[in-house]
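Colleague: Residue-level listing of the chains:
There are 2 protein chains.
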Amino acid sequence: MNMMLLAPIGSVLALCFAGYLAYSVTRKSEGTDQMKKIADAIRQGANAYLKRQYSGVAIFFIVMMVILAALAIAGFLTPFVPFAFLTGGFFSGLSGFLGMKIATAANARTANAARESLNSGLRVAFNSGAVMGLVVVGLGLLDLSIWYFFLDWFYRDLDPAQRIQNITSAMLTFGMGASSMALFARVGGGIFTKAADVGADLVGKVEAGIPEDDPRNPAVIADNVGDNVGDVAGMGADLYESYVGSIVSTCALAVAAGLGVNGVTIPMVMAAIGVIASIIGTFFVRSGEKAEQKTLLRALRTGVYISSVLIFVAAYFLVRNILPNNMGVFWAIVSGLVAGNLIGFVTEYFTSDTYNPTRKLAKTSLTGPATIIIGGLSLGMLSTAIPVIIVGAAVAASFFLAGGASNFNLGLYGVGISAVGMLSTLGITLATDAYGPVADNAGGIAEMSHLPPEVRQRTDALDSLGNTTAATGKGFAIGSAALTALALIAAYTDEVKLINPNFVFNLDLVNPPVLIGLFVGGMLPFLFASLTMEAVGRAAQQIVVEVRRQFKEIVGLMEGNAQPDYASCVDICTRAAQKEMLTPALVAIIAPILVGLLLGVNGVAGMLAGATVSGFILAIMMANSGGSWDNAKKYIEAGNFGGKGSDPHKAAVVGDTVGDPFKDTSGPSINILIKLLSMVSIVFASFIMSNTLMK
Amino acid sequence: MNMMLLAPIGSVLALCFAGYLAYSVTRKSEGTDQMKKIADAIRQGANAYLKRQYSGVAIFFIVMMVILAALAIAGFLTPFVPFAFLTGGFFSGLSGFLGMKIATAANARTANAARESLNSGLRVAFNSGAVMGLVVVGLGLLDLSIWYFFLDWFYRDLDPAQRIQNITSAMLTFGMGASSMALFARVGGGIFTKAADVGADLVGKVEAGIPEDDPRNPAVIADNVGDNVGDVAGMGADLYESYVGSIVSTCALAVAAGLGVNGVTIPMVMAAIGVIASIIGTFFVRSGEKAEQKTLLRALRTGVYISSVLIFVAAYFLVRNILPNNMGVFWAIVSGLVAGNLIGFVTEYFTSDTYNPTRKLAKTSLTGPATIIIGGLSLGMLSTAIPVIIVGAAVAASFFLAGGASNFNLGLYGVGISAVGMLSTLGITLATDAYGPVADNAGGIAEMSHLPPEVRQRTDALDSLGNTTAATGKGFAIGSAALTALALIAAYTDEVKLINPNFVFNLDLVNPPVLIGLFVGGMLPFLFASLTMEAVGRAAQQIVVEVRRQFKEIVGLMEGNAQPDYASCVDICTRAAQKEMLTPALVAIIAPILVGLLLGVNGVAGMLAGATVSGFILAIMMANSGGSWDNAKKYIEAGNFGGKGSDPHKAAVVGDTVGDPFKDTSGPSINILIKLLSMVSIVFASFIMSNTLMK
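The listed protein sequences correspond, in order, to chains E and G. Counting in the numbering used here, the first sequence runs from 1 upward without gaps. Counting in the numbering used here, the second sequence runs from 1 upward without gaps.
It should be emphasised that the hints constitute simulated quantities derived from the structure, not laboratory data. All residues carry an ideal CB built from backbone N, CA and C; glycine is no exception.
Capping the alpha-carbon separation at 20 Å, the derived lysine to any residue pairs in SDA-like fashion look like this:
| # | chain 1 | residue 1 | chain 2 | residue 2 |
| --- | --- | --- | --- | --- |
| 1 | E | K650 | G | L366 |
| 2 | E | K552 | G | L366 |
| 3 | G | K294 | G | A638 |
The following residues of chain E were derived to be distant from chain G, with all beta-carbon distances above 12 Å:
| # | residue |
| --- | --- |
| 4 | R43 |
| 5 | R52 |
| 6 | A72 |
| 7 | I73 |
| 8 | S117 |
| 9 | V261 |
| 10 | N262 |
| 11 | R286 |
| 12 | T295 |
| 13 | L297 |
| 14 | V338 |
| 15 | L557 |
| 16 | K634 |
| 17 | N640 |
| 18 | S646 |
| 19 | S686 |
Sequences are here, hints too, so could you generate the full structure?
Modeller: Structure below.
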């Protein structure tokens with residue numbers, strides 16, 4: 001019980017340190033008036049978007065609250081669920097909001113600091129990323145702590161075993177709020193950012209022949225806003241959900257494994273340890289003036305590695321103290337830590353232009369756009385093999401190390417705790433990831449404010465590194481999602497057995513409901529990816545029409561004598577994202593209910609497994625194809641195969657444009673999809689069991 | 001026993017009628033000297049390719065025979081397996097060979113008949129397709145009959161229950177030979193045809209600006225040869241494998257379901273009924289002179305529908321006669337028949353330019369190649385949803401209709417027999433499918449021989465219809481593959497229980513070996529698709545280099561005063577296909593053995609399920625994306641959105657080029673992959689059970 005207090009303490013520490021970092025960032029100057037003006041426009045656009053998004057999502061949350069309340073009244077759910085749903089959604093949204101606030105405050109300040117030196121720029125950008133990372137883990141841990149202590153007090157009259165079971169069962173359901181919010185944030189933000197990006201490029205770069213980030217392009221501010229609402233706010237909500245999901249599912253598995261409160265303490269305290277280790281790690285991120293990608297990457301990596309080592313050591317003592325007879329749990333944590341880093345490496349290998357695959361992809365541009373598309377798709381497909389083997393090995397290792405051979409449930413707990421281990425470094429890995437969009441924005445501001453070329457060079461160095469860390473971060477998010485989703489499937493079956501102890505599962509692969517569930521689940525990520533890609537396409541078309549209109553109607557725009565109407569593009573993206581995010585989200589919520597009603601809980605379990613498998617593979621493929629196309633284009637722009645403006649470059653731009661929705665809209669939403677499916681299944685389990693066709 | 005004689009009778013009927021049709025085709029004139037010369041060049045190229053391919057495959061078969069013989073000697077297999085492996089491969093290869101023989105004999109004759117009238121052209125092309133369809137079903141049924149009667153004689157001293165069990169168990173393993181041969185034929189042929197096609201287009205159409213099928217293009221003959229070795233010989237071997245696989249797996253399931261020899265008789269006789277119905281159906285395929293696609297399609301469909309109705313009626317009496325107490329088996333057959341047709345319709349809806357999806361895709365070409373690529377991928381992904389639901393419904397229907405609720409194994413038998421039902425129309429559906437490449441070749445010959453424009457118009461009408469029937473045929477092949485693969489997974493588990501009756505499966509989804517198997521299996525189709533696409537890319541590059549060289553070095557080629565060296569392009573494709581088909585094939589054979597050694601038979605079952613689910617979805621996506629890109633291009637060429645030569649057309653050509661390996665190499669090979677994985681698993685089951693890490 002004493003140990004458990006570390007969770008709220010860690011949470012408060014994270015939030016305080018984030019506050020301190022935020023204060024230190026905002027103390028810096030935003031630079032020239034022109035810079036302030038641009039930063040302000042981006043801020044306004046981002047705020048307007050989030051305001052609109054959150055009002056739209058609020059309606060969804062109210063509707064869901066009513067449904068959940070009705071289910072609670074009908075006795076299918078405990079009365080806490082509607083409120084837990086709400087807090088999960090609220091804190092997830094708050095994480096994204098605060099992360100975006102600091103990012104839009106830091107972009108001009110990063111550009112301004114980069115006028116001084118590379119290291120100053122890095123510090124500002126990285127500190128704003130760290131704010132985001134710490135806010136996510138801090139709020140996550142806060143929400144979990146509040147609920148844990150409240151429920152512990154509420155169930156104080158039950159015996160310890162029953163008490164912990166009731167606590168974890170209620171906490172499990174609250175992941176649904178976080179997942180729903182995350183899905184809206186990722187999908188909506190992803191549609192916004194890529195509609196603006198693709199639309200701006202199609203007319204600006206391709207038709208009008210003006211460079212990227214040119215202030216004459218009416219969609220340029222929308223593009224910058226998109227980086228903030230998609231890559232920052234969306235990612236924050238996403239990883240909040242992953243973080244909380246991995247912890248609550250592991251807590252639920254702890255009870256089935258017979259570990260009781262000890263099994264719950266470990267993931268909660270692991271999270272607190274991760275917070276402290278991340279804070280320490282941030283002090284080690286600094287760079288010299290030499291703007292080499294290697295040096296910069298080393299600067300960021302040093303922070304992550306130091307945190308990882310601290311976590312390794314602390315986890316050892318934690319497990320030795322709490323579960324001295326099962327040090328295998330420690331090794332399960334380690335297997336997650338290692339697997340996360342390995343997947344990050346593989347992602348980097350396939351997407352960075354310092355390695356062979358992306359260089360070879362760049363070369364296929366010599367024979368035109370068709371060959372670079374085939375090459376990129378094929379690279380993405382190939383790149384799924386090793387992550388699948390890594391996740392498979394992590395599952396096997398964590399299951400058997402935790403003692404799965406003699407106690408099956410203990411093995412499943414091992415899988416859950418390995419996901420917690422993987423995500424324990426989240427505070428700092430998210431910092432290295434979230435700093436990318438800030439640097440990207442800083443580059444845009446430097447360009448639009450006509451700062452001297454060495455400033456743009458510095459922000460470019462920071463930005464280019466951001467692409468690599470973003471790819472690594474995505475690999476990490478996907479890897480943890482796979483492990484968490486597996487833990488959630490196991491937690492789902494536990495939940496069903498809690499609801500009806502007499503229920504006998506038949507999860508045999510050849511049982512038709514399971515098999516059909518597998519097929520339907522396997523198809524869902526494809527359907528979801530299709531819907532989100534179509535949405536980007538439709539929204540981008542609207543931007544194309546608007547930008548063309550402004551080029552034609554605003555006199556003197558191309559000559560630089562008149563201002564484009566930036567706000568109209570922001571507005572179009574905002575409305576389009578709001579409208580388009582609904583259908584994919586409904587698919588994720590309705591599918592498990594429909595499958596449950598038709599095929600029963602066996603079918604639902606099959607669906608979850610199918611979606612996890614095909615979603616994991618498709619998400620990796622899309623992220624890596626997209627990342628590699630992006631970097632292949634950059635590699636050509638660096639002067640290879642003809643350089644900027646050559647035919648191979650044009651072919652590479654086609655690849656990059658196809659990759660945009662792959663890597664920033666559809667791919668990263670799939671993580672959330674597979675977890676939201678599980679969460680909805682868990683929340684509706686009791687209802688499904690009473691109303692299904694197949695009992 | 002008497003009924004069973006229908007199988008060899010049907011087989012002989014099919015082969016005799018095929019012989020008669022072949023004779024009637026070859027009696028026609030090949031036309032002018034020029035036409036004969038071109039047809040001869042295509043024939044020589046195709047023969048040279050098959051000769052080389054079969055010699056290469058022979059080495060593989062010898063190696064596998066040695067391995068299987070060693071396993072038989074070690075007691076892991078019955079002594080028949082190596083020979084059954086050989087006959088399966090031999091007949092599968094023979095199907096492809098004979099189909100190709102008649103296709104290369106019919107192409108010039110079709111062009112020549114089209115000089116007379118559309119109906120004459122249709123008759124020649126369709127009759128050659130019918131030869132192929134009937135040869136496939138005839139040889140399949142022949143091979144099955146020989147083995148059945150031989151084994152029945154061999155095990156004559158056993159009691160009936162034991163006898164039928166030994167027969168079906170031995171017959172099951174012989175699918176491996178057919179599947180291996182099919183994989184080589186599909187992958188090798190697919191690489192050949194798309195390397196030639198892509199290579200010819202990249203230099204001829206794009207660089208040199210000469211039209212398709214222009215005799216000055218050195219790769220034009222290779223392109224025509226490719227249609228024969230890929231779309232004819234490859235498809236023949238493929239569907240031979242599907243046909244035989246569905247029957248042997250159903251026979252194996254019959255024993256577990258306790259149906260004994262009656263359960264074996266039904267699929268064998270169903271096949272014989274299908275043969276007779278197909279023969280009758282061919283008489284109804286004829287057209288008037290109006291070259292409308294609708295009329296032509298109706299002509300072909302009439303044949304298929306008449307056959308389907310005959311099968312429906314005959315199946316009813318067959319089941320009523322043999323299993324009077326279980327008419328549900330009849331309805332399981334019907335569910336397969338219906339599902340096959342529905343999947344065909346969905347394929348047509350998504351890929352034909354008479355419907356909305358492909359027209360909308362064509363419109364995305366207005367904003368360039370990137371948007372048409374995003375649109376096509378997204379269309380393909382979306383198009384997976386309904387087929388998944390259809391297959392799910394067919395599985396549920398056939399399982400429960402056959403009595404799965406009270407007898408699980410009877411339900412699985414229902415799933416198997418529904419696949420047989422789906423494939424029972426194969427004789428005639430394959431005819432409508434195989435006629436496409438013949439018409440395509442005929443058009444090329446008409447073009448190269450400078451026949452009058454109305455001839456080309458007629459062959460174009462035939463060819464364009466061929467695209468639709470090819471897409472329908474692929475949907476059919478994929479749908480039957482899903483059902484067959486499920487039957488094979490069930491047959492695999494039966495086989496394991498036969499080997500060791502004490503073995504207890506734990507196919508629970510959350511059992512780690514199963515779960516890891518699911519992940520690995522889910523990844524395999526992606527890996528396989530990546531390898532085959534890369535192979536096409538590499539081979540196409542070689543063609544590009546060679547065509548460029550000839551354009552540069554052969555004086556007077558572009559002016560039409562000199563002949564290009566067609567043979568060198570054929571030779572390059574042949575060598576490349578031989579070399580490149582090995583790695584993907586080895587993946588299919590080694591993966592189940594490796595997974596078995598590491599994860600045991602539970603892991604293997606998981607892998608098979610994962611590969612079936614993700615393979616089915618990926619195959620549909622690739623086939624439909626590719627088909628839709630192809631037809632979107634044709635739609636633009638017909639004068640929409642700017643027509644031939646416009647920017648939208650150029651964008652559509654990019655889409656079509658990306659779609660080429662999708663729809664003709666990777667996509668259609670995935671069917672075979674998932675069945676070969678099952679076959680290898682079954683053959684090696686005994687070996688795996690003795691040597692696995694996870695018992």
